[in-house]
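Asker: Those protein sequence lines, which keep their order, are chains G and B. In this text, residue positions in the first sequence follow this note's numbering: the first is 1490, and each later residue adds one. In this text, residue positions in the second sequence follow this note's numbering: the first is 331, and each later residue adds one.
I should point out that these hints are in silico values taken from the structure, not numbers from a laboratory. The hints are all genuine.
Derived SDA-like pairs (lysine to any residue); straight-line CA-CA distance at most 25 Å:
#1 1599/G to 451/B
#2 622/B to 1568/G
#3 622/B to 1561/G
#4 432/B to 1621/G
#5 1512/G to 1729/G
#6 1599/G to 459/B
#7 518/B to 1506/G
#8 1626/G to 348/B
#9 622/B to 1530/G
#10 1512/G to 621/B
#11 1626/G to 1528/G
#12 432/B to 1617/G
#13 622/B to 1506/G
#14 432/B to 1654/G
#15 622/B to 1596/G
#16 1689/G to 1717/G
Computed, partial: chain B to chain G, Cβ under 8 Å:
#17 333
#18 336
#19 340
#20 348
#21 434
#22 438
#23 441
#24 442
#25 444
#26 624
A quick note: this is a predicted structure, and the numbers were derived from the prediction, not measured. Yeah, the Cβ is synthetic: ideal placement off N, Cα and C, and Gly gets one too.
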Amino acid sequence: MTAAAIRTWDLCRSYGTYQALTKLSLEVPRGEVFGLLGHNGAGKTTTVNLLTTLLEPTSGRAEIGGRNTVNDAASVRRSIGYLPENVQFYDSLTLMENLRFFGRLSGIRKPDARIADVLRFLDFTGHENQRLGTFSKGMRQRVGIAQAILHDPSVLFLDEPTSGLDPEGVRILRETIVRLNQEYGMTVFMNTHLLTEVTKTCTSIGILNHGHLVHHDTLVNTLASFPEEESLEAIYFQLDPAVAP
Amino acid sequence: MSVFITSAHHETLSVCRARIAHLLLFVFIGMVSLSSIIGWVTNITVTGVYEKILANGLTVAPNPFSAVPELYYARNAVIYVVLIGTLMAIVLGVQATLRDRKSATAGLILSRPVAVSARVGGQLAGLGVVIFAVLAISMAISWAGISIITGAPLGSDSTFRLLGFAGCAWMLLMVFAIIGMIAGITSKRETTALLVPFALWSGLAFVIPQLGTAARPVALLNPVPMPEQTGGYFDVLSAITGPLSITEHFKRAGSILLRDSNVSGSAGSSVAILLGFLVIAVVVVVLVPRQKLRQTLND
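Pulled out of the complex, with its shape left as it was, chain G reads as follows:
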C-alpha cells in the first residue's frame, strides 16, 4: 500500500492560549488537487505552515508521502514545493538570478537547464534577464510557481495563490495547476477563498471553521450531497456558518 500524499492525525497548534488548529485529521491521496476553504483566521495558513515544516505541531502528527514533518523534516522539505501568500522575491535580482538561488537551495547543482524547462512549461520565456522589480503581480505569481516546481516536488502547497490577481492572472494560474496535476501527477494542496476556482480546479475539498475541520470530501460527493443547493458557495455557507451572509 502506498502512503497518502498528505496525512495528519489529531494535528493541533496553539499560539499561547489561542488554539489555531484543533485535532485536524486529514488524508489527501496522491494525485489530488485539494482545496482548503475557510474564513480568515480559520487556521488554513497554520495548516500549510505545519505541513511545510515551518511550524511544529503542539500535538498530533503529520506525514508527507509517509515522512514525518517533525522527525524527518529535511526529507519532507526535499519532496515539497511551496508558494506562500504575498511573497515578493528579490526585486533587484533578475528572474534567472532569483530562480537560480531557489533552485540551488533545493539542491539542484546546475539549475539553468531545469529553469529553462520550467519557464517553457509555464510559457514564461523572454523575461529571464528582467529584474523582478519590474514584474506585475501576475508575473510574480508565475515566478512563485516556477520556484516551487523547480526541484520537481511530489506535493505542491499553495497559500492563497490567486490573492490579488486579475482575472487573466487567475485563469493562467488555474490552468497551470491543472496541468501540473494532470501532466506531472503532482499532488496540490491549496488554501483559497475563491470558490469558483475550487470548482474548476480541485478534486477534493476541506472546510475549516475556527480551527476545526467541519467537512472533507471529494468535490463530486460534496456537490451531490447537497442537491438542493445551486452552487458550491451555497454549500460552503451551510457548512461554515462563520462566513454565512
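Assemble the complex: chain G is given as a structure, and chain B must be docked to it using the hints.
Answerer: For chain B alone, coordinates are given in the frame of chain G:
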C-alpha cells in the same frame, strides 16, 4: 553548490545591486582615500609656511614633516572606519537579514532543505567578502596615494602594516555587521532594526569608553585611543569597560600598526579582543533559532 556558498553568492549579488549600499560604500571608500590627500595637503601647507619662516631666519628647527613616518598619511582612516565604516557595516548587516523578512521569502527558504547555520553563515560570508573588497579598494587607494605623496612606492614593512590595519578594520566591521544582522532578525519593525544597532554603536564607541577614560565626547573622535584613568573609581570601572571598548581597541591596534607616535606598546591584546568579539558574534548569529528567521514585520 552548497547552501552556504549559494547564500554567500546571493548576499554579494544583492549588496552589489542595492543603491543604499552603493552610496555608503562610495562615501566610505571616498573618506578613507581622502585621508591620504588630507595628510598630503597638510604636509604641503605646513612645509610652505615652514620654508617661509626658515627663509626669514625665524627658526632653525627641522621641518616637522621631515620625520613623519610614511603611514602618517593614513592615520585618519582609523577614525573613518570607526565613524563611517561601522555604520555602513550595520546597514549591510540589517539589510542582509531583513531582506528575507521584507520580501516574505524567509518562509520559502526555510521550507527547503536548508540548515539555518549554513544559510546565516553564508550570508555572513557574503558580507565578509563585500567588506573585504571595500577595505581592499580603500587600502589600494591609500597605498597608491601615499606612494605618490612620498615619491616612492611604499616599502614592504609599511605595506604589511597597512594590510594588518585593514585586517583589524575587517574584524571590527564584521562585528558591527553581525550586530546589524541580529537586529534584522529579531526586530519587529524595520525602523527599530536600524535604530537599535545604531544606539548600541554609540554606546560602544562613545559611552563605554567615556566611563573608563573620563574623556570628552569630542576627544573620542580622535584617531588615537584615550588613555584609561587610574585610581579609585576608575580602577574598577576601566577594568569593566576596558575590554568592552571595542572601537578604542581598534583605534589602539590601528594606531600602533600605522606607527602613530602617540601610541606605544603592542597591538596584540587589542587584536585579541577584536577577534574575541568577532568569534562570539559569529557564534551568536549562526545559532539563531529557525523560527526567529521568519518572524513577520509589523511595519
